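Novice: My request is simple: use the sequences and hints to build the entire structure.
Chain by chain, the residues run as shown.
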Amino acid sequence: MLSIKNLHVKLEEEDKQILKGVDLTVESGKVHAIMGPNGSGKSTLSYVLSGRDGYEVTEGEAVLEGQDILDMDPEERAAAGLFLAFQYPVEIPGVGNMTFLRTAVNAQRKARGEEEMSAADFLKLIREKAKALKIDADMLKRPVNVGFSGGEKKRNEILQMAMLEPKMCILDETDSGLDVDAMKLVAEGVNALRDAGRGFLVITHYQRLLDHIKPDVVHIMADGRIVKTGGPELALEVEENGYGDILAEVA
Amino acid sequence: MALAQAKIDLTEARLSRLEMPAGSSWAAEARQGAAARLRASGLPTRRDEYWKFTDPATLTAAEPPQAAIFEARDEAPLYDGIDRLKLVFVDGVFDAAASDDLTLEGVEIDLLADALAKDIHWAKDLYGVLETRGQDPVARPLAALNTAYATNGIVLRATGKVSKPINLIYLHNDVASDAILHHLVKIEEGAEVTVLESGPAAARFNKCMEIEVADGGTFHHVRAQGRDHERRAVTHMFSRISSGSTFKSFTLTANGVLTRNENIIEIVGDDAVAHVAGAALGDGARGAFHHDDTVFITHDAERCESRQVFKKVLRNRAEGVFQGKILVRQGAQKTDGYQISQALLLDEDSSFQAKPELEIYADDVICSHGSTTGAIDEDGLFYLRSRGVPEDKATDLLVLAFLAEAIEEIEDERLREDILLRLQQWLERRRG
Ligand SMILES: Nc1ncnc2c1ncn2[C@@H]1O[C@H](COP(=O)(O)OP(=O)(O)OP(=O)(O)O)[C@@H](O)[C@H]1O
Ligand SMILES: [Mg+2]
Numbered sequence: 004m005l006s007i008k009n010l011h012v013k014l015e016e017e018d019k020q021i022l023k024g025v026d027l028t029v030e031s032g033k034v035h036a037i038m039g040p041n042g043s044g045k046s047t048l049s050y051v052l053s054g055r056d057g058y059e060v061t062e063g064e065a066v067l068e069g070q071d072i073l074d075m076d077p078e079e080r081a082a083a084g085l086f087l088a089f090q091y092p093v094e095i096p097g098v099g100n101m102t103f104l105r106t107a108v109n110a111q112r113k114a115r116g117e118e119e120m121s122a123a124d125f126l127k128l129i130r131e132k133a134k135a136l137k138i139d140a141d142m143l144k145r146p147v148n149v150g151f152s153g154g155e156k157k158r159n160e161i162l163q164m165a166m167l168e169p170k171m172c173i174l175d176e177t178d179s180g181l182d183v184d185a186m187k188l189v190a191e192g193v194n195a196l197r198d199a200g201r202g203f204l205v206i207t208h209y210q211r212l213l214d215h216i217k218p219d220v221v222h223i224m225a226d227g228r229i230v231k232t233g234g235p236e237l238a239l240e241v242e243e244n245g246y247g248d249i250l251a252e253v254a
Numbered sequence: 266m267a268l269a270q271a272k273i274d275l276t277e278a279r280l281s282r283l284e285m286p287a288g289s290s291w292a293a294e295a296r297q298g299a300a301a302r303l304r305a306s307g308l309p310t311r312r313d314e315y316w317k318f319t320d321p322a323t324l325t326a327a328e329p330p331q332a333a334i335f336e337a338r339d340e341a342p343l344y345d346g347i348d349r350l351k352l353v354f355v356d357g358v359f360d361a362a363a364s365d366d367l368t369l370e371g372v373e374i375d376l377l378a379d380a381l382a383k384d385i386h387w388a389k390d391l392y393g394v395l396e397t398r399g400q401d402p403v404a405r406p407l408a409a410l411n412t413a414y415a416t417n418g419i420v421l422r423a424t425g426k427v428s429k430p431i432n433l434i435y436l437h438n439d440v441a442s443d444a445i446l447h448h449l450v451k452i453e454e455g456a457e458v459t460v461l462e463s464g465p466a467a468a469r470f471n472k473c474m475e476i477e478v479a480d481g482g483t484f485h486h487v488r489a490q491g492r493d494h495e496r497r498a499v500t501h502m503f504s505r506i507s508s509g510s511t512f513k514s515f516t517l518t519a520n521g522v523l524t525r526n527e528n529i530i531e532i533v534g535d536d537a538v539a540h541v542a543g544a545a546l547g548d549g550a551r552g553a554f555h556h557d558d559t560v561f562i563t564h565d566a567e568r569c570e571s572r573q574v575f576k577k578v579l580r581n582r583a584e585g586v587f588q589g590k591i592l593v594r595q596g597a598q599k600t601d602g603y604q605i606s607q608a609l610l611l612d613e614d615s616s617f618q619a620k621p622e623l624e625i626y627a628d629d630v631i632c633s634h635g636s637t638t639g640a641i642d643e644d645g646l647f648y649l650r651s652r653g654v655p656e657d658k659a660t661d662l663l664v665l666a667f668l669a670e671a672i673e674e675i676e677d678e679r680l681r682e683d684i685l686l687r688l689q690q691w692l693e694r695r696r697g
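First to last, the sequence lines map onto chains A and B.
When the letters of the first sequence are read in order and numbered with this note's numbering, they come out as residues 4 to 254.
When the letters of the second sequence are read in order and numbered with this note's numbering, they come out as residues 266 to 697.
Do not rely on the hints blindly, as some may be mistaken.
In silico PhoX-like pairs for lysine-lysine, Cα to Cα no more than 25 Å straight-line [as the list claims (entries may be wrong)]:
1. K113/A - K127/A
2. K137/A - K187/A
3. K144/A - K658/B
4. K13/A - K231/A
5. K658/B - K113/A
6. K426/B - K351/B
7. K170/A - K19/A
8. K317/B - K429/B
9. K658/B - K170/A
One-sided and incomplete, this derived list gives chain A residues near chain B with beta-carbon spacing under 7 Å [to be verified]:
10. S53
11. R55
12. E78
13. A81
14. A83
15. V98
16. G99
No lab work stands behind these hints: they were computed from the structure.
From a predicted model like this one, the values you see are computed outputs, not experimental measurements.
Glycine is no exception: its CB is placed at the ideal position from the N, C-alpha and C atoms.
Specialist: As structure tokens, then:
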């Protein structure tokens, strides 16, 4: 599904190397988790994959279903099936949540040469998906993320994911700021999308999310590299002992 | 103060090309008075403080600059789905055949040329009167020129709640037209009327509207300027509004080499409300774009509210200007004045200049003003794109969001929707 090879990334504006050779392959149907200390480069990886400005790839590649995505525009990557649930979802005053989602859904369909979704079908679908995530009609009408609580923003990210049905979903700390019940809702939302044709990359600091979204593979990222890869037990180890032992072991 | 010779020459050169239309004796007097006001101040140049940000040279030149006819092609007329009384002017000439019948309940409509020819007409108390008042403290010579030489316009007196909007439709068929129109709007006590304006008017257009709103009267105005690229227009609205009255004016502008819209409002009765708003889209790549909103609101009564909301979206060397003043006279207690002017610059070549001013002589007032110049929100843009919305479309969404506060100033929902739809169409067309 997604294959990242030897990815090196520096900041465009300054001479600061952030990713120093990331190797990672997410297979179709699998859930991979990335854990790692603050500042190790997890969000940077997710931004670079989705095409945000400000970074420069100095080496390596990222291939989504056979397509090298690093030269594509963010909207092309989205149409190709990539989705990032932001660690910090952006507020967009003046753009209604519903308008935004409908524009996005239809733009992706158009880019893929598919027919646009009718207003009625869209409404039906979004109502159903929003209900499952306990997102009320008012939140759909309000401007994108404006005045949403931290947890509401995260649920809104999952709603977008559910509507867009991407092939490769990257979730950057979607659990942060969620209360216990919301975490369950979000996990259910993710699990509902799990299928053989879809891959997940879940960035998190806590085992708790992984109790609900069971990962197949767990990676530890430190200082811009994947330093260790293992099964779900790796997350439990981190939960118990922190990163000290692992980092000492690979140093 | 003696005028500089250059200014006198400029003024006389312009006047030599104009002919004062004949009319009744009071009309002749009003016109001559206006010509005298014009000669006293002379036509403006870039050196005048009030024209510091906008070069009036093409507006004052004796020879009008030409403007290609803009082809709207398949674009439906504005306000198409709205039942309205249509009055059509082609290059400043009234087109009776294309216009609706002037009779409508609750309102008397005449042509200015006819009104000025009559010995007795209510227009006598309004023609040039508010324009004269508006010459102080800042001279507005192009408005005086208008009063002196306007060839036509409409005079409208609302006596009740007028059942449908009056739409002044301006058409442009002559590449060298140089039109001067002057409208009068008188709203009697408790009466209500909506005036709509649309269409490219002429190669060069000088338009003046004087509006008198009596106690409890309501005036709504929605105007669309554009999308003709080569237009040069200077417009003045002079209003005097009384107790408990409402005045709301909104302008959507797209394109235009040069547009200067002046709005001068005098609030003379308590508890009155005056709102002026504008949304402008300028792209210098299709010829030059320069848009100037100049507003002067005087509060001379208690508990009145005024709002100025102006937004401009500029790209490719487009230039935006805002000069807005709130003057609160002594005794105008409990005044609530608000003014915001903002520009969204879509590139680094475009520019916005703002001169917000407050002058307050009463102690119990709330007045706020703000002006910002900003670029597109990159985080918002990336967020939209990451969801699959192409960059140009994402930009348009952010542009619409930016303009929303101004468009929301249109009170009538159908008109608001119509303007919004047109704006969306214009943005879409640009994307091709
Ligand atoms: N635009 C930027 N300007 C300056 N420094 C940056 C920028 N983007 C990332 N960095 C730096 O790169 C490093 C990696 O940041 P990143 O956000 O990817 O970490 P992270 O692993 O997601 O951390 P966290 O767990 O705290 O979310 C940090 O030291 C961060 O300060
Ligand atoms: Mg992060």
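Novice: Next item in the hint list is G99/A. Is there a CB on chain B closer than 7 Å to its CB?
Specialist: violated (9 Å)
Novice: Hinted pair, alpha-carbon criterion (25 Å max): K317/B, K429/B. Please report holds or violated.
Specialist: Not satisfied, since the Cα-Cα distance of roughly 40 Å exceeds 25 Å.
Novice: Does the alpha-carbon distance linking K426/B and K351/B stay inside the 25 Å limit?
Specialist: holds (18 Å)
Novice: Checking one constraint from the list: CA of K144/A to CA of K658/B, max 25 Å. Satisfied?
Specialist: Holds, at about 20 Å.
Novice: Does K658/B pair with K170/A here, judged by a C-alpha cut-off of 25 Å?
Specialist: With a Cα-Cα distance of about 23 Å, the restraint between K658/B and K170/A holds, given a limit of 25 Å.
Novice: Would the hint linking K137/A and K187/A be met if the CA-CA limit is 25 Å?
Specialist: Distance of about 11 Å is within 25 Å: holds.
Novice: Is the interface hint for A83/A satisfied, with its Cβ closer than 7 Å to some Cβ of chain B?
Specialist: violated (9 Å)
Novice: Taking 25 Å as the top limit, are the C-alpha atoms of K13/A and K231/A close enough?
Specialist: holds (22 Å)
Novice: Verify the interface restraint on E78/A: the C-beta must sit less than 7 Å from at least one C-beta of chain B.
Specialist: holds (5 Å)
Novice: Per the CB criterion, is A81/A less than 7 Å away from chain B?
Specialist: Since the shortest Cβ distance to chain B is 4 Å, the answer is holds.
Novice: Below or equal to 25 Å on CA atoms is what counts here, so check K658/B against K113/A.
Specialist: holds (13 Å)
Novice: Does the nearest C-beta of chain B fall within a distance shorter than 7 Å of the C-beta of R55/A?
Specialist: holds (5 Å)
In this structure, the earlier hints numbered 7, 8, 14, 16 are contradicted, and the remaining ones agree with it.
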